[in-house]
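S.K.: Chain A is already provided as a structure; the job is to place chain B on it using the hints.
There are 2 protein chains.
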Amino acid sequence: MRLPLSLSGGVTSLLLIGSLAGDVLATKLDPSAAKVRQKHQGRKALMRSLYGRSNQHPSDRWDKEKHHGQHAPPCEDTPPQEVDAPKENVWYGLTDDETANVARWLFGRPELNLTVSENAGEWDNTIALIELMRPNKTESIEYIDGNGPAPTRFAHVRLNNRATVDPYYADLLVGPLPISSNSSWEALEFPYTRKSQGRVRNVEPDGETVYSEWLFKISASIADITLDLWNGTAMGLENDTLDIWGIDPLWQDDGRLVRWDMYWNMPTDLFDSETLLPLGLYLKSDVTGRDPSQWKLLGWMYNDIFYETTDEFREAYWSPGFVKVGPNLDGAWAHTDQRGPVPPKDRKQPPLTVAPDGARYSVDTDRKYVSWMDFSFYISFNRDTGLSLFDIKYKGQRVLYELGLQEALAHYAGNDPVQSSVAYLDSYYGFGPYAFELLKGYDCPSYASYLNTSFYKSEETHTHVDSLCLFEFDADYPLARHSTSDYVTVSKNVYFTIRTINTIGNYDYMFSYNFHMDGTIGVEVRASGYIQSAYYANNQDFGYQIHDSLSGSMHDHVLNFKADFDILGTDNTIELTSVIPVEKKFSWNGNKTRNTMQLKRELVESEDDGRLNWGFNGQTQIHVINQDEKNKYGEYRGYRILPSSGTAHLTVQNSSNLANAAHWAEYDVQVTQQHDTEPFAAHPYNSQDIHDPPVNFEKFFNGESLNQTDLVVWLNLGMHHVPHSGDLPNTVFTTAHSSIQFMPLNYLVGDPSRESVNMVRVNYSNGSATEIETFGQSNETCGVRLSPIEDQLWSYQGDVIVRKFPYDPNDPFYETDTA
Amino acid sequence: MRLPLSLSGGVTSLLLIGSLAGDVLATKLDPSAAKVRQKHQGRKALMRSLYGRSNQHPSDRWDKEKHHGQHAPPCEDTPPQEVDAPKENVWYGLTDDETANVARWLFGRPELNLTVSENAGEWDNTIALIELMRPNKTESIEYIDGNGPAPTRFAHVRLNNRATVDPYYADLLVGPLPISSNSSWEALEFPYTRKSQGRVRNVEPDGETVYSEWLFKISASIADITLDLWNGTAMGLENDTLDIWGIDPLWQDDGRLVRWDMYWNMPTDLFDSETLLPLGLYLKSDVTGRDPSQWKLLGWMYNDIFYETTDEFREAYWSPGFVKVGPNLDGAWAHTDQRGPVPPKDRKQPPLTVAPDGARYSVDTDRKYVSWMDFSFYISFNRDTGLSLFDIKYKGQRVLYELGLQEALAHYAGNDPVQSSVAYLDSYYGFGPYAFELLKGYDCPSYASYLNTSFYKSEETHTHVDSLCLFEFDADYPLARHSTSDYVTVSKNVYFTIRTINTIGNYDYMFSYNFHMDGTIGVEVRASGYIQSAYYANNQDFGYQIHDSLSGSMHDHVLNFKADFDILGTDNTIELTSVIPVEKKFSWNGNKTRNTMQLKRELVESEDDGRLNWGFNGQTQIHVINQDEKNKYGEYRGYRILPSSGTAHLTVQNSSNLANAAHWAEYDVQVTQQHDTEPFAAHPYNSQDIHDPPVNFEKFFNGESLNQTDLVVWLNLGMHHVPHSGDLPNTVFTTAHSSIQFMPLNYLVGDPSRESVNMVRVNYSNGSATEIETFGQSNETCGVRLSPIEDQLWSYQGDVIVRKFPYDPNDPFYETDTA
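First to last, the protein sequences are chains A and B.
For what it's worth, UniProt numbering labels the leading residue of the first sequence as 1, then goes sequentially.
For what it's worth, UniProt numbering labels the leading residue of the second sequence as 1, then goes sequentially.
Here chain A stands alone, though its shape is the one from the complex:
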C-alpha cells in the first residue's frame, strides 16, 4: 500500500496546485499551462496521488431559491423530511471521538510499536485503518427486531506492520468502545477462512524503494534506449516524461515475488490519459525480500521478444534490423473535453427532471437512515467496499439484512506480461476512499439530496462531501397500463435511488440501488472512465487495435454483491423454478401427447448445490422463499432474483493471476448458509497471498443445509469488456452496465403499486374523454425556475479532512489546514 508521504508522483502535483489555492475561486487555471502531471497512474500508484490535505470548506449548499420561478407561485422544493430512525444505526461507523480515542489508545500500546504515519518510513508500523467493526448479525437482529441491547461497539483496526523483515498487515479488534480500562485488543481472525491471527503478509512493503532504488535505476541504465525510442526518461526526475508501473497481483509462485512493469507515456495535459499511453517495453524483476541488493532483474520484453538481460536487450536494440514499434502519444483523442462538430440543436438545453414538490422521502441524517414510500434502510459505509445497505424493510418487514458490494475484479488478458498478469481486486485500493463528491445535475439529478462519506487514512478522517445521492426519478416509461375501447389507465413509474460512484484509478464504477413501487429492488453497476489499454504489438488475439499503437485490452469485470435475504424471518430456502419443454398426455386428450411446457420446481438443499449459473434461455428462475410462510393461496412468499441487464462471471478458469483469491467470481449466483464468521466474500488483502488468501470463498461451501436456514446469496454482476474505438476517450455507461432485480414473488396478494395515487384513468367514448380520475393526486400549478447548473458546480469541494491523532475534539481541523 503506497502512502502519501512519497516525494515523487501525484503528491508533488497536488502541492503544485496547492500553491495556487489562495486565489482558486477567482482564477481559472489553464490546464495546459499548468502542466499538472499525474505520475504512476496505475491503480496502485493512484493511491499515493489522490489525497493531499485541503482547507476545509463548509458545505456550501446550492441556493435553493434559484430553483424557483420568481413570479409564478413557486413549486415547493422541500428537502427530505428529517425523521428519527427507529433504532440506532449499528452499522454506520465510528464517531470522531471514538476514532480519535482508539488511535490514541493504540499509540499507547508499546507492544504494537506504532509510528505516526507522518513520521513513518518503510520500516515502521503504522495504522492503516480504524473503523467500526460491524456487529455480528446474530446480535444486530436481536437489537433491531426485538428488545435486545445495542451490540457492544468495537473498532476494526488494520496495522501495516513493516518494522520487520516479514512485513504483514494485521487485523485487530479493539474494544469495547468507548475506550476504557476494560478495552483491549485482540487479533481479528474469526471473519476469515484463514486462521493466522488476522495477519496477511504485505508483498509490497517497500513501495518507494522499489521506485527509487530499483525501477528508476534500472530505467536510468537504459536511458539511451528510452531517449532514442521516446525522447524521454523514467528516472525519478522532475522532467521525466515516462512512467513505469505494472502488474497486480505480483507473481507469487515458488516462494518468490516477481513483478512485471512497463513503460507508459505521461499525459501532457490535465487529462488522466496515462492508461491509454502504453509504450510496449516490459521488464521483469524478482523483488523477493526487503533487501534491494538481493532483487534481480530477470529480463526485458519488447515486440514479443524476451531478453534475459539488459545487455542482451541493448545489444539487440542497437543492432541493424531491430524493429522499433511506434509510441502512443497523448492528444485530443485521449481527452474528455468536447470536441468535433456540435450535433444539430445540441446547444439547446436538453430535457431534465425536476422535483416540483421537493423530496418525498425522509432521512435521519445522523443515523444514516432513509425511508421512501414503504421502503426503509440504514446506510453503512466502509473503506473496503464503500456503500452497503442494512435492514432493508418493505412494508415493515425486512427483505434484506444486508446488501452491498463485496469485491470488484478486473481481470485482463493479453500477449504481454503486464496485461496477462493483471487481475485487480479493487477492495485492496478500497472503494470508500474513492467515493468522490458527486457532480450535481450530472451524476445525479439537480434536485437530489446528498450525504457525506468518510474514511480513515493516516490518522485523519477524510470526508467526501455529497458523495452519496438520494433521489426519486420518474422513469421514461409507466409502471403499468391498460387500454380498452372504453378507457385507458396508466400508472407513473416513480422510483427511488441511492447512488455512489467510486473511481478506482482509471475506472469509474457507478453503483445504484433502486426501489420501485411494485416492491422491486434493483442493483445496478455501470462503468466509465479510462480503459487500461495494452500496447498493440502482437496483441490481436486479446483486443482490437483502437489507436496508433493501442489495443483495447480485453478484460472481465466481475463485481460481487452480498444479498443477505431475510424473507419474513431468517429461515429461507432457494427454490429453482424452470420452464421446461415437455411431451405430455392430458385427461382430455386420450392417448395423444402434446408438445408443450410446464414448471419444474426444486429446492436447493445444501451448499453442495449452491453454486449456480443463469441457465439456457433464461428458463430457470431463482427464488428466495420462506417455506413456513405461504400466502393465502398456499404459495410460498418470496422474492425472485432476475438479471435486469446482462451479468457475467469470470471467463478465465483457474486463473494464474488469482489462484485462490477470487473463487467468488466463478459462478453467477452462489448461496451459502449465513455465518457471523463468513461476513465477506473477500478480504482486501487477498491479493497479497493469492494461494492462501485470508478469505478463500470456496471454503464457504462445505455442504451445509440451505433448507429453511439463514441464507446469503452472493451475486455477480459484470461485463466482458473488449474495448473498441468507441471506448476512447472513456467507456460509456450506456453500454457498460450490469444489473439485477429482486422482485416480490407471491409476496403480497396483489401489486402494491396500486396504492399510489400517481395514476390516472381516462374514460372515453365517441372521440372524447368522458371521465378523468386522478385519485386525489397532487394538483398544483406552480413554477420551476431553471438556472444554469454551473451555479451549483462552483461549490464542488473535493474532500474535507479531520485529524484524529493528535486530536482536539474542540478543534477537529487542528493541523489539517496545511498541505
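Be a bit skeptical, because a hint or two may be false.
Computed list of lysine-lysine pairs in PhoX-like fashion (alpha-carbon distance at most 20 Å, straight line) [to be verified]:
{"id": "1", "chain 1": "A", "residue 1": "Lys296", "chain 2": "A", "residue 2": "Lys217"}
{"id": "2", "chain 1": "B", "residue 1": "Lys296", "chain 2": "B", "residue 2": "Lys217"}
{"id": "3", "chain 1": "B", "residue 1": "Lys393", "chain 2": "A", "residue 2": "Lys345"}
{"id": "4", "chain 1": "B", "residue 1": "Lys87", "chain 2": "B", "residue 2": "Lys296"}
{"id": "5", "chain 1": "B", "residue 1": "Lys630", "chain 2": "B", "residue 2": "Lys393"}
{"id": "6", "chain 1": "B", "residue 1": "Lys395", "chain 2": "A", "residue 2": "Lys345"}
{"id": "7", "chain 1": "A", "residue 1": "Lys395", "chain 2": "A", "residue 2": "Lys87"}
{"id": "8", "chain 1": "B", "residue 1": "Lys345", "chain 2": "A", "residue 2": "Lys395"}
{"id": "9", "chain 1": "B", "residue 1": "Lys345", "chain 2": "A", "residue 2": "Lys393"}
Worth flagging that the hints you see were computed from the coordinates, not collected in a lab.
M.R.: Frame of chain A; chain B shown alone:
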C-alpha cells in the same frame, strides 16, 4: 376473424356508450352505474368490440401556454422543427385518395364479387385490407441512395373471400397507382414461402354463427348447470353474465378443425378483467366445414375429468359426490384503480421531466421523417405489425434499412385444454389497429410530440390521434464520467425515443426505439395489461395460484424483430467474437503455461450456421461487420448486437399448437440473406394453416452464403412469464421487459458523444472548484410552469374515422358521423 357487425358483444356496449355521447364532456359517467360490459374478451373477441364510429374531433392540442411560467422569463418550449425529408417516404402508406380509389376500383371488378362490409354477411367476399405495398428493397435503395426514380406504387389488398364453402383470405397486388386504365390486380405470392396464389384458408369464417348457432345453443343446453354453478348463462342474451371463448389457433390435425372453448365470468364493472375470471368448464367441438349441422360436440372437461357427451357430463354433475370447484368473481382485486393505503408522501407531486428549450429534433410530418442529432429515419406503419423504421442513418450513413416488429407470440401452457392450446400469433389481430392514443404525461413525457397512425377497416380509415410519441429524455445516469484528484468530467446522457403502445386484447406491449449519443440504437419491449389467467384446478405444474380459483397461467412471450443492417453498404458479414478461457504459453514465460483468456473471432459463413442463441455467460458477441470497410487501424467497422435486458426464445419444442407457424421463435438471433421475396418472418394468417403456413420461416434457411452479402438479422425479444400475485390486477412494465442494443463497434475512431456540449469539466484543488468548463452549452435562466396533467387529458379522443367507400374527397367524413 370476427367482424364488428356482430349484434352481441362489445359493439352493443359501444352503442350504449354512444348514446351518451351528446353530453360526454359535461358528465362524468359512474362506471359502476353504467354497467358497461365487454363480452368475449379473448383477443379474437376483442376484434369485434373495439371500434365503433365516432364523431371526428380536431386534434385539440394542449395549450402550450400552460406549460410556461407566467411571470418568470418563460422557457422556450418550441415544437419540433419542421423539415423536408431528403426523399419521399416510400414506406409510409397510401394517401386517402389512393385508398379510396383502390377501394372503388376493387368494387368495380366483377370477378372479385365483393360486397361492401356494411352489407356483408358470412357468405360474402369483403375487403379486409387496403394499404401500401412496401416497395422491394432493391428498388427503394436505388431511389434513396441514388438517382433512381421513386418505386412504382402498388396497393396491398387482402380479401376475405367467404362466398364459398372453402373460404380463404387472398393477398392481391393492385396497381400501379394512381389507379388508371393501366392498373390491374394480381395474386400476391412472391413474398410468401408458400406458393398458393396468395391464398390462405380462413378457418373461422363463421364467427357469428359459431356463437348464435353453436356455442350459445350448447350453452343453453346446460343452463341448468351454469345456473347452478354460477347463477348465470351464456346464451346470447342481454342478461348473460357468462362468456365463452377459447383457443387460438384452432386444432388443425387430421383434416379436422376442432375448437376448445371455456366459460368466463363477465366483468361486473368498467374494468377489463374478464381474462382474470375463468370458470373451469371447457367444451370441445369439431367445427369442420361451414354447415353447423355437421359440427359435433366432442365433450366437456371439468376439474380434470373429461366427459364425452353432454348427457354424461350432466349425469355426473347431478350425481352425489360430484366435486364442484369455486368460481372467480370480479372485484376490486381485479380492478386497476387506486386502492389501499396511500404510501407516505405519495400525494406530493413526484419528479417529472421537462423540456425547457423545447424539442431538439426535427420532423417532416407529411413524409413521416425524423432527425435527431446525427440520427434520422423514416416511419412506416401498417396493420399487421404497426410501427417500423426505415433507412435509419447515423452520421449520414445508413445503419439499418429496416427495423421493426415481425410477430409476437404468446404461447401458453396448462393442464386445461384451452391454456394448453393457446399460442397467440398477434399479427393476426394486427398491431396497427391497436396503437391507441398515448396518454400524455403517463405513456410519454408531457412535452413529447406526437404523430397519428391510421389503419384500414371495413372501407374506413381509422386514425389514432397521437399514437406515436417522440421525445428526448435525460437518463437517470450520465453517459460517461471520470474523476481524478484534480478534476471531474461528466457528460449528460440525453437520448431520443420513438414509442408506440399496442394493446392486443388483454396485453399492452410498449415498443420503444431509443437512440443514444454514443451511436447506440436500442429496441425495447415491455408488457403490461391483464394477464390471461387459467382456472386453478389441477394446474399447479403450470402456474402459481394467485387468487381464489385462479392460476397465473405460464406463458412465453416471444417477439420477433427484423433488423436489416446495412453497415456502410449492403454487403455485410456476421462475426462472432468470443472470450474464451485458454491455457497458453507466451514468449516471455518460457515453457510454462498460463490460465488466461483470449478472443476467438469467427465468421458465420452461411445460413446453415445462421441460427444462434446467446451463449454461456454472455461470452460470445454478435457483430455485424463490413469486411470491405476497415477503419484506419485495420479493424472491421460494424455494429455489435447485445441484449440490454433479458431476451427469450420459445421454451416449447415442436409446439403442438404452432406446428410450422412460428419457427422464427426457436432461436435468439437468426441471420438470413436478404431477399425481396422474404420481407417478413411471418404472415398474419399463419395461424389459419399451421402445418403449411403462408410464411414458414424455416424455409428461409437454405444454405445461402452470409459472407459479404445483404443480411437480415431476425432478433427475438421475450419473457418467460409465470405470473404471480403481483401480476394482479396488471402485469408491471418494471419487471416484464426485454431489450436489445445495437452498439457501434470500431465504427468511428472515437466515442461520438464527445461532440455534445452537454458535458462539464470541474477542476478543483484544496477543497474548491478552480475552473468550470461548460463548453458553450445552453446557459439560460427561465421558468417552467407546471400545471395539472388533467388539463391535457380531457383532449383524449380515441380514434377518427375516414370513410373510403363510398368516398367524397371533399367530405372525407361523409357518413362517418353516426354510429
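S.K.: Please list, smallest to largest, the hint numbers that this structure does not respect.
M.R.: Structure breaks hint 4 only.
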